[in-house]
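S.K.: Here are the chains, one letter per residue:
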Amino acid sequence: MDSYDVVIIGAGVVGCLTARFLSRYQLRILVIEKESDVGAGTSSANSALIHAGYDPLPGTLKAALNVRGNEMWDQLADELDFDFERCGDYVAAIGEDEFQQLQILKRQGEQNGVPGLKILSVDEIRKRIPNINPEVSGALFAPTAGICDTFAVTIAAAENAQMNGVMFRFDTCFESFLVEKHRIVGIRTDRGDIRCQWVINAAGLYADEVMHQAGSHPEFMIHPRRGEYCVFDPACFQIDTVLFPVPSEKGKGVLFFKTTHGNTIVGPTSEFVDCKEDKAVSVTGLRYLEEQMQRLIPGADLRWTIASFSGLRASGNAICTNSDVDYSGDFLIESDKTVKGLIHCAGIESPGLSASPAIAERICLLLEQSGFEMIEKPYWNPRRKRRPCFRHLTNEERNELIAQDPRYGRIVCRCEMVTEGEIAAEIHAPIPARTYDAIKRRTWCGTGRCQGGFDMIRVVEILTRELNLSSEKISKNGPGSEFIFSETKNQRSGQC
Amino acid sequence: MLTVHAYDVIVIGSGPAGLAAAVSAKKNGVNSVLVIDRDVEPGGILLQCVHSGFGLETFGEDLPGPSYAQRYILEAESQKINLLMDTMVLDITSDFVVTVSNETIGVQRLQAKAIVLAMGCRERSRAQIRIPGTRPAGVYTAGTAQRWVNVEGLMPGKNFVILGSGDIGMIMARRLSLEGARVNRVVEIMPYLNGLSRNYVQCLQDYDIPLFLNHTINKILGKKRVEAVEVVRVDQNRKVQPETAEIIPCDTLLLSVGLIPENELTRKIGVSMDPITGGAIVDNCFETSIPGIFVAGNVVHVYDLVDYVSQDGTTAGKYAASFIQCNWNSNRRKIPVIVEEPLRYVVPQKICPDTLRESAIRLLMRVSYPMEYPVQVSLFTDQKEILNKTYPYVRPGEMVSIQIPKSAYDLIMASQEVRLKVLRKE
Numbered sequence: 001m002d003s004y005d006v007v008i009i010g011a012g013v014v015g016c017l018t019a020r021f022l023s024r025y026q027l028r029i030l031v032i033e034k035e036s037d038v039g040a041g042t043s044s045a046n047s048a049l050i051h052a053g054y055d056p057l058p059g060t061l062k063a064a065l066n067v068r069g070n071e072m073w074d075q076l077a078d079e080l081d082f083d084f085e086r087c088g089d090y091v092a093a094i095g096e097d098e099f100q101q102l103q104i105l106k107r108q109g110e111q112n113g114v115p116g117l118k119i120l121s122v123d124e125i126r127k128r129i130p131n132i133n134p135e136v137s138g139a140l141f142a143p144t145a146g147i148c149d150t151f152a153v154t155i156a157a158a159e160n161a162q163m164n165g166v167m168f169r170f171d172t173c174f175e176s177f178l179v180e181k182h183r184i185v186g187i188r189t190d191r192g193d194i195r196c197q198w199v200i201n202a203a204g205l206y207a208d209e210v211m212h213q214a215g216s217h218p219e220f221m222i223h224p225r226r227g228e229y230c231v232f233d234p235a236c237f238q239i240d241t242v243l244f245p246v247p248s249e250k251g252k253g254v255l256f257f258k259t260t261h262g263n264t265i266v267g268p269t270s271e272f273v274d275c276k277e278d279k280a281v282s283v284t285g286l287r288y289l290e291e292q293m294q295r296l297i298p299g300a301d302l303r304w305t306i307a308s309f310s311g312l313r314a315s316g317n318a319i320c321t322n323s324d325v326d327y328s329g330d331f332l333i334e335s336d337k338t339v340k341g342l343i344h345c346a347g348i349e350s351p352g353l354s355a356s357p358a359i360a361e362r363i364c365l366l367l368e369q370s371g372f373e374m375i376e377k378p379y380w381n382p383r384r385k386r387r388p389c390f391r392h393l394t395n396e397e398r399n400e401l402i403a404q405d406p407r408y409g410r411i412v413c414r415c416e417m418v419t420e421g422e423i424a425a426e427i428h429a430p431i432p433a434r435t436y437d438a439i440k441r442r443t444w445c446g447t448g449r450c451q452g453g454f455d456m457i458r459v460v461e462i463l464t465r466e467l468n469l470s471s472e473k474i475s476k477n478g479p480g481s482e483f484i485f486s487e488t489k490n491q492r493s494g495q496c
Numbered sequence: 001m002l003t004v005h006a007y008d009v010i011v012i013g014s015g016p017a018g019l020a021a022a023v024s025a026k027k028n029g030v031n032s033v034l035v036i037d038r039d040v041e042p043g044g045i046l047l048q049c050v051h052s053g054f055g056l057e058t059f060g061e062d063l064p065g066p067s068y069a070q071r072y073i074l075e076a077e078s079q080k081i082n083l084l085m086d087t088m089v090l091d092i093t094s095d096f097v098v099t100v101s102n103e104t105i106g107v108q109r110l111q112a113k114a115i116v117l118a119m120g121c122r123e124r125s126r127a128q129i130r131i132p133g134t135r136p137a138g139v140y141t142a143g144t145a146q147r148w149v150n151v152e153g154l155m156p157g158k159n160f161v162i163l164g165s166g167d168i169g170m171i172m173a174r175r176l177s178l179e180g181a182r183v184n185r186v187v188e189i190m191p192y193l194n195g196l197s198r199n200y201v202q203c204l205q206d207y208d209i210p211l212f213l214n215h216t217i218n219k220i221l222g223k224k225r226v227e228a229v230e231v232v233r234v235d236q237n238r239k240v241q242p243e244t245a246e247i248i249p250c251d252t253l254l255l256s257v258g259l260i261p262e263n264e265l266t267r268k269i270g271v272s273m274d275p276i277t278g279g280a281i282v283d284n285c286f287e288t289s290i291p292g293i294f295v296a297g298n299v300v301h302v303y304d305l306v307d308y309v310s311q312d313g314t315t316a317g318k319y320a321a322s323f324i325q326c327n328w329n330s331n332r333r334k335i336p337v338i339v340e341e342p343l344r345y346v347v348p349q350k351i352c353p354d355t356l357r358e359s360a361i362r363l364l365m366r367v368s369y370p371m372e373y374p375v376q377v378s379l380f381t382d383q384k385e386i387l388n389k390t391y392p393y394v395r396p397g398e399m400v401s402i403q404i405p406k407s408a409y410d411l412i413m414a415s416q417e418v419r420l421k422v423l424r425k426e
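So the sequences go chain by chain: G and C.
Taken in order, the first sequence gives residues 1 to 496; the numbers are from the working numbering.
Taken in order, the second sequence gives residues 1 to 426; the numbers are from the working numbering.
Since the hints were derived computationally from the structure, they do not count as laboratory data.
Possibly wrong hints are sitting among the right ones.
Below, in silico cross-link-like pairs of lysine-lysine (DSSO-like), each with a Cα-Cα straight-line distance of 27 Å or less [as the list claims (entries may be wrong)]:
1. K340/G to K34/G
2. K224/C to K276/G
3. K34/G to K223/C
4. K473/G to K158/C
5. K334/C to K406/C
6. K340/G to K181/G
7. K223/C to K158/C
8. K224/C to K34/G
9. K276/G to K219/C
10. K268/C to K224/C
11. K223/C to K276/G
12. K421/C to K389/C
13. K258/G to K268/C
14. K350/C to K384/C
15. K158/C to K489/G
16. K224/C to K473/G
17. K223/C to K473/G
18. K350/C to K113/C
19. K252/G to K276/G
20. K421/C to K406/C
One-sided and incomplete, this derived list gives chain C residues near chain G with beta-carbon spacing under 7 Å [as the list claims (entries may be wrong)]:
21. A6
22. M88
23. S101
24. N102
25. E103
26. G106
27. V107
28. S125
29. P132
30. R147
31. M155
32. P156
33. K158
34. E179
35. A360
36. R362
Yeah, the Cβ is synthetic: ideal placement off N, Cα and C, and Gly gets one too.
The whole structure should be built from the sequences, with the hints applied where relevant.
M.R.: This is the structure in structure tokens:
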């Protein structure tokens, strides 16, 4: 049987960053993931914002880890070489009534330790965001907020972990714990048992179910809360910032935000759903977005949409461990109280992404505090380089690249200008892209106006060739999502 | 350093419009013509259109797409037209510098004296019509499925539902049936057919594939692969009637919900666009608002007959040649062509009266809604009807055309505009 020191359940942003942080120690680490790629759940469908930290209730774990996490992003982006921009964000008050709320938010942020918060006058916010609702009465500006591409962060962390010896196993689903004398000795998966000393539960939407397998916190439940988004064609509409409405009891509301890819996105909705896989886009959701977005940008039009998607937030009901604070819905990050060798991080909804490096840091600390021997590697490499991206190069740089590998001259996705060279590089990367979605998320291929109309066939062909598989084996996102059923009659009879 | 190669005319796109334009420019006396295409072989979308129905007007023959394309490819070869295949155009400037990229020459800049844009069109995607539901594998545009089946020899499904009664969708319904797949139905949100009537008869009726007008897909179901779609009836305002929902099991949903002229490059150059056609505003020489930038084929507006595409490509190529031969007056007088409801648009949007001296001018139009009775299409110059043409019916899926003869030269020269109307024929 395979044997590891630590097994991490879930290759989302929390699991991968934890793997990366733990990879500096002399440990044998395995990450298991039920899907075919990293970041296939919540980590590839969210707002990709690094919140400043004025929103969570002071005293909660969410507040502490949001603010701590926020501080860590510059170094993380530098070491892991992903796009991160501290563009700041705005909360716009529409009408006089909402203006009071800005003061409350600002005070709350200051209590949480958020630096640089500033209330802007009507004139100032209008100057900065000219197409904002003319009824705007002011705005809160948080300069430390930023944007990233969550999937890019996840894959960067996973690759750096892999470089430092962490193993990954995909299409592998956790089933139960192997426990001897109240101590974890391994886990059972649908692909066999794995021995280990420690398990980190970073199972996202399923973290409650994993927890219940250990017999802990039967009262803790994750109730998936769906968020729907629309991505706008940059030719129709762009906003060069992150713009929130004033938050309500329903959450942070429907916002407009720019992405690291140059698109503007509107969303999310907020709706509890029953199924943890229900990532459907709904008529009611789209209608809600259409209605809500008028509050901030009157005249915003869903006809500008080039893609819509939805993600599920892992909303939990954990009671804040700080007894001074009356809040249920906090992160639950702790060593298991009944079995030894198990750490949970559960209920990681917003500001989960912002907090994720701080969550990884905390997990390392919990491991250390438990007396687990953690010796640093003498040659740990914290740095990972991204691969070349044709779109962002000068023509001279492009030609240098093409001289090395001509496939960088062949453009497969016209809208986003992605080359065959980039796609092949991802297929042969440390964490190989083996599906269409895996390539799409890594290269941004197929995300433009034609939504794969031109590139899809070509990407399937490249995957077929590079992986040396038959076309019928190539899938959108893993087993069950194959594109092709068979060859045509002519092809089958060899007449072509 | 980037090298610069020079050509007289550079044509972007090697489909029927591009090839016709290239051949025509060459025949009209230019020295060097280069055709650039992103695909490996010339012919454009015709190569995946293995069905017949092409060339009836031009050649008096009923040809499959690749055969029709081959005639122009052979002519391009005999005219010694340069082809640069498997090459993407990254950028075009208004002073005719074309930046391209491919595997063999890398990124290079090419200089032309005139340019013909013939990039064709692309299909409307799922996101643009915002079909709710999950995002599994098995939702493709009809053209993607067409390429898979006809070019790659691969079957992207077994049990299909097709949304939209566009021509490619109907043609794929037949093609997939011939391949042994099941096509459950074609669903069309409008109360009328979107494509050509002949395709309805030959592709759906002959294969017992039902067409559901006034219906749409309200939801896509399935986690990894499409498992079913929810089909609903819509009322006359295209509003979904939820009580009529019916779950149709299928593994693939094909979309044939409209074509959009592919004008990313055109917009980047700064050419004036027509919001209704989605293409450039042109005159009858197919010159755009930027002198020396010509357009041809589906990049101007979506045609329904390839023969007209080739003919208009020929016109664009001819005038591109004139442009560089210095017998061109970019300030020549142009008058607007105006359409009245129910006509939705006309191409060209402007005409140059003095070109009538050399040749007749064809105007192509589409109506907004069907008129299932005899109608008269009339052309007016300053309130006076100068010619008309009777149609037994007009439908949005079928283009309406009218030709201004050379004999109208004096009348057109004397007028400030031409106006088109469609009226019920009494």
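S.K.: Against each hint, give a clear statement of whether it holds in the structure.
M.R.: Hints, verified against the model:
no., hint, result
1, K340/G to K34/G, "holds (24 Å)"
2, K224/C to K276/G, "holds (14 Å)"
3, K34/G to K223/C, "holds (15 Å)"
4, K473/G to K158/C, "holds (16 Å)"
5, K334/C to K406/C, "holds (16 Å)"
6, K340/G to K181/G, "holds (9 Å)"
7, K223/C to K158/C, "holds (18 Å)"
8, K224/C to K34/G, "holds (14 Å)"
9, K276/G to K219/C, "holds (19 Å)"
10, K268/C to K224/C, "violated (38 Å)"
11, K223/C to K276/G, "holds (11 Å)"
12, K421/C to K389/C, "holds (11 Å)"
13, K258/G to K268/C, "holds (22 Å)"
14, K350/C to K384/C, "holds (18 Å)"
15, K158/C to K489/G, "holds (13 Å)"
16, K224/C to K473/G, "holds (14 Å)"
17, K223/C to K473/G, "holds (18 Å)"
18, K350/C to K113/C, "holds (23 Å)"
19, K252/G to K276/G, "holds (22 Å)"
20, K421/C to K406/C, "holds (21 Å)"
21, A6, "violated (18 Å)"
22, M88, "holds (4 Å)"
23, S101, "holds (5 Å)"
24, N102, "holds (5 Å)"
25, E103, "holds (4 Å)"
26, G106, "holds (4 Å)"
27, V107, "holds (5 Å)"
28, S125, "holds (4 Å)"
29, P132, "holds (5 Å)"
30, R147, "holds (6 Å)"
31, M155, "holds (5 Å)"
32, P156, "holds (6 Å)"
33, K158, "holds (5 Å)"
34, E179, "holds (6 Å)"
35, A360, "violated (37 Å)"
36, R362, "violated (30 Å)"
Violation of the numbered hints given earlier is confined to hints 10, 21, 35 and 36; the remaining hints are satisfied by the structure.
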